[in-house]
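Based on the sequences and whatever the hints tell you, model everything.
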Amino acid sequence: MEFKDYYSALGIDRTASEEDVRKAYRKLARKYHPDVSKEPDAEKRMRDINEANDVLRDKEKRAAYDALADRVARGGHPEGDFQPPPGWDAGFEFHRGPNQGPADHAEFSEFFSSLFGEAERRGAARRNYRARGEDHHAAIEIALEDALNGAEREITLRAQELDAQGRPTFKTRTLSVKIPPGVHPGQFIRLAGQGMPGHGGEPAGDLYLEVRIAPHRLYRIEERDLYMTLPVTPTEAALGAQVKVPVPTGGVVEVTVPRNARSGLKLRLKGRGLAGKQTGDLYLLLDIALPPADSEAARKAYEQLAQASASFNPRQHLGV
Amino acid sequence: MATVSVTTTAISASQPLAASELAHACGADTEWVVQLVEVGIVQIAAIEAPPEHWRFSSTDLQCALEARRLERDFGVGLDAAALILDLQHEVRRLKAVIRAHGLR
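The listed protein sequences correspond, in order, to chains A and B. Counted from 1, the first sequence has number 201 at position 201 by my numbering; the numbering is strictly sequential. Counted from 1, the second sequence has number 70 at position 70 by my numbering; the numbering is strictly sequential.
It should be emphasised that the hints constitute simulated quantities derived from the structure, not laboratory data. It is possible that some hints are incorrect.
[What the hints assert, rightly or not] As a list, the in silico DSSO-like pairs of lysine-lysine whose alpha-carbon atoms are at most 27 Å apart:
#1 B:K95 x A:K266
#2 B:K95 x A:K244
#3 A:K266 x A:K300
#4 A:K27 x B:K95
#5 A:K59 x B:K95
#6 B:K95 x A:K44
#7 B:K95 x A:K38
#8 A:K277 x B:K95
What follows is the structure, given as structure tokens:
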């Protein structure tokens, strides 16, 4: 595990005030917000900035992190091989108050969750009031086929716990999650009782998994609709044809390409998209693929085509 | 390593979230959800119905979580959060259209 320098992630130093942290975060968030950023690594940078902000804006976490950074600086450790020393957070307690927002550490690093994940769980368990545990949020990336057909996936959650001797150990929980058929990107799957433990005997919170769909080799997703490029030969496009097309639910369907079809023509397969209030469609975007003129016969055929369509000028609208 | 099987529910029209569940998922209270409804960050069928009858979708949960983060990290009011979310969704929609047309 790599030791994360949260100060350099925000471009500030150890003496930065709370206001400096806030300003630095807001400035960088505008620069790296994936919706507006032109930087190639915007998404990763935004995650790092969010994580650094979560620690440094919080007095308790920042103090514990500073103390840990001092110990690391004194002791030294091989690059990329960081393990938090036992009892690193002794004397610190992390509170997640009712107004601190969601405990959404899903996107944070292993470094963060090993330091603060379990510390927050323990902090929650120590407090002496009664309330249901906080809900947790994470994301699950699945294949398009699994979203359409349903699947069972295992997810692994890591948290640090203290063993009988008080030493920190990693505890891994593996959950088997049933993904119902017809889920769409952005839909949440709720796992009852898998969030933070309850306070004072109250039930645990839930874990919400946000569905993300992995990029697909063939299909692009736009809201509930799917798009696929369908290559056809010039002959198929000109004369019309029946062509075979794979569909994401499995299997192959036959589609009619109309006569005189042009490149970019959209053919719609109704109801073959993602489920939702209105089930999406599958669109096929026609792409005319030219056979290479790499043989005498092919060259001859092209020449004959040129003669047969001598009056056809694709550049007429250019005035030439 | 033991594998635990847990009950899963996909939040959808047939299995929506109640106002109290939406609030809890965002680390907030029901009063905050009422404010979200008032500024239109989340959608309900009939505003005159009492909050305990409100039902929310996955999209509502996503918008509520984003609004919560904007409040916390940028100190914005919910009116401004609503505008930011509208603009964000429009940017994402337009980017998807551009991608679907193979322009990027």
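Q. Is the hinted pair K95 of chain B and K244 of chain A satisfied, with a Cα-Cα distance of at most 27 Å?
A. Roughly 30 Å between the alpha carbons, so the hint for K95 of chain B and K244 of chain A is violated.
Q: Mind checking the alpha carbons of K27 of chain A and K95 of chain B for me, to see if they're no more than 27 Å apart?
A: At roughly 24 Å apart (the allowed maximum being 27 Å), K95 of chain B and K27 of chain A satisfy the hint.
Q: Take the C-alpha atoms of K95 of chain B and K44 of chain A, compute the straight-line distance between them, and say whether it is at most 27 Å.
A: 19 Å, holds
Q. Has the given pair, K95 of chain B with K38 of chain A, been kept, meaning a C-alpha gap of at most 27 Å?
A. Holds, because 13 Å separates the two Cα atoms, which is no more than 27 Å.
(Q) Does K95 of chain B sit within 27 Å of K59 of chain A, going by the straight-line distance between their CA atoms? (A) Violated, at about 39 Å.
**Q.** Given pair status - K300 of chain A, K266 of chain A, alpha carbons within 27 Å
**A.** 32 Å, violated
Q: Compare the distance between the alpha carbons of K277 of chain A and K95 of chain B with 27 Å, and conclude whether the hinted pair is satisfied.
A: Within the cut-off at roughly 22 Å; holds.
Q. Taking 27 Å as the top limit, are the C-alpha atoms of K95 of chain B and K266 of chain A close enough?
A. With a Cα-Cα distance of about 19 Å, the restraint between K95 of chain B and K266 of chain A holds, given a limit of 27 Å.
Comparing the model with each earlier hint shows violations of hints 2, 3 and 5; every other hint is respected.
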